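Taken in order, these protein sequences are the chains called A and B. Going by our numbering, the residue at position 65 of the first sequence is 106; the numbering climbs one at a time, nothing skipped. Going by our numbering, the residue at position 100 of the second sequence is 939; the numbering climbs one at a time, nothing skipped.
If you are wondering where the hints come from, they were derived from the structure by calculation, not from laboratory data. Just so we're clear, the structure is a prediction, and the values are computed from it rather than from any experiment. The reader is advised that the hints may include incorrect statements.
[To be verified] Lysine-lysine pairs mimicking BS3-like chemistry, simulated, CA-CA at most 25 Å apart:
hint	chain 1	residue 1	chain 2	residue 2
1	A	Lys109	A	Lys63
2	A	Lys135	B	Lys846
3	A	Lys63	A	Lys142
4	A	Lys83	A	Lys63
5	A	Lys83	A	Lys109
6	A	Lys142	B	Lys846
7	A	Lys63	A	Lys135
8	B	Lys846	A	Lys83
9	A	Lys135	A	Lys112
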Amino acid sequence: GENVEQHPSTLSVQEGDSAVIKCTYSDSASNYFPWYKQELGKRPQLIIDIRSNVGEKKDQRIAVTLNKTAKHFSLHITETQPEDSAVYFCAAQKGNTGFQKLVFGTGTRLLVSP
Amino acid sequence: SAVISQKPSRDICQRGTSLTIQCQVDSQVTMMFWYRQQPGQSLTLIATANQGSEATYESGFVIDKFPISRPNLTFSTLTVSNMSPEDSSIYLCSVGGTSGRGTDTQYFGPGTRLTVL
Numbered sequence: 042g043e044n045v046e047q048h049p050s051t052l053s054v055q056e057g058d059s060a061v062i063k064c065t066y067s068d069s070a071s072n073y074f075p076w077y078k079q080e081l082g083k084r085p086q087l088i089i090d091i092r093s094n095v096g097e098k099k100d101q102r103i104a105v106t107l108n109k110t111a112k113h114f115s116l117h118i119t120e121t122q123p124e125d126s127a128v129y130f131c132a133a134q135k136g137n138t139g140f141q142k143l144v145f146g147t148g149t150r151l152l153v154s155p
Numbered sequence: 840s841a842v843i844s845q846k847p848s849r850d851i852c853q854r855g856t857s858l859t860i861q862c863q864v865d866s867q868v869t870m871m872f873w874y875r876q877q878p879g880q881s882l883t884l885i886a887t888a889n890q891g892s893e894a895t896y897e898s899g900f901v902i903d904k905f906p907i908s909r910p911n912l913t914f915s916t917l918t919v920s921n922m923s924p925e926d927s928s929i930y931l932c933s934v935g936g937t938s939g940r941g942t943d944t945q946y947f948g949p950g951t952r953l954t955v956l
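Using the sequences plus the hints, can you model the full thing?
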């Protein structure tokens, strides 16, 4: 089955710096890759997702890149702010032929210091 | 996106008892799922709740321990049976196939924080 590895487990940056979180997956059939942000005591919230027919997607300060050949995808946050501090989870899923489950990475705790 | 609610939001239970968690969505959804998130850990899928039929369980989770119901397209329940302290966790429902999004996009409910003494 699918296995998703996520690095780093913790990331500390200064406000205004960029942050990059990387994930690798094992199943080449996976074609949907969402990212979730989970603040302390809150539910995971979808912040951006990418499908395998594109290599990059941006939404304001957040971008995700996908390299299907290498089977890895990354989350990029620019101009970080203290409110970006949270745990970020990547996930991978196969689709199309019936629903397939999301497999989550182990999470990255991002701390943005003022 | 759909509005998802869970009840209860938290509970403290005695070992050996059972707790039923409810998940309600404000619109019909194709898929409903139940996850467990242990403190400081990632999300682990327990099962997919199938409308009108038995749930599909992931490896390591069994129906006798985690019976699930899904009577319609907006509601599901998860029961944690014969609880032990190891069941202390956050239980989250998620939904996929909401209006305007594909079935692969999942949104999470607020979670139920369970403590077993």
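To see whether the hints hold, each was checked on the structure:
As the CA atoms of Lys109 of chain A and Lys63 of chain A are separated by approximately 13 Å, the hinted pair is consistent with the 25 Å bound. Annotation: proposed proximity of Lys135 of chain A to Lys846 of chain B is violated, straight-line Cα distance about 31 Å (limit 25 Å). Taking the CA atoms of Lys63 of chain A and Lys142 of chain A, the gap is near 20 Å; set against the 25 Å cutoff, the hint holds. Using a Cα cut-off of 25 Å, the hinted pair Lys83 of chain A and Lys63 of chain A holds, with the two alpha carbons roughly 23 Å apart.
For the suggested pair Lys83 of chain A and Lys109 of chain A, the alpha carbons sit about 31 Å apart, so the restraint of at most 25 Å is broken. A hinted pair counts as satisfied when its Cα atoms are at most 25 Å apart, and Lys142 of chain A with Lys846 of chain B qualifies at roughly 24 Å. Distance restraint check for Lys63 of chain A and Lys135 of chain A: the Cα-Cα separation of roughly 19 Å lies within the 25 Å cut-off, and the hinted pair is therefore satisfied. At most 25 Å may separate the alpha-carbon atoms for a hinted pair to count; Lys846 of chain B and Lys83 of chain A meet this at roughly 15 Å.
Taken as a hint, the Lys135 of chain A and Lys112 of chain A pair is honoured in the structure, with Cα atoms around 13 Å apart against an allowance of 25 Å.
Violated hints, listed in ascending order, are 2, 5; each of the other numbered hints is respected by the structure.
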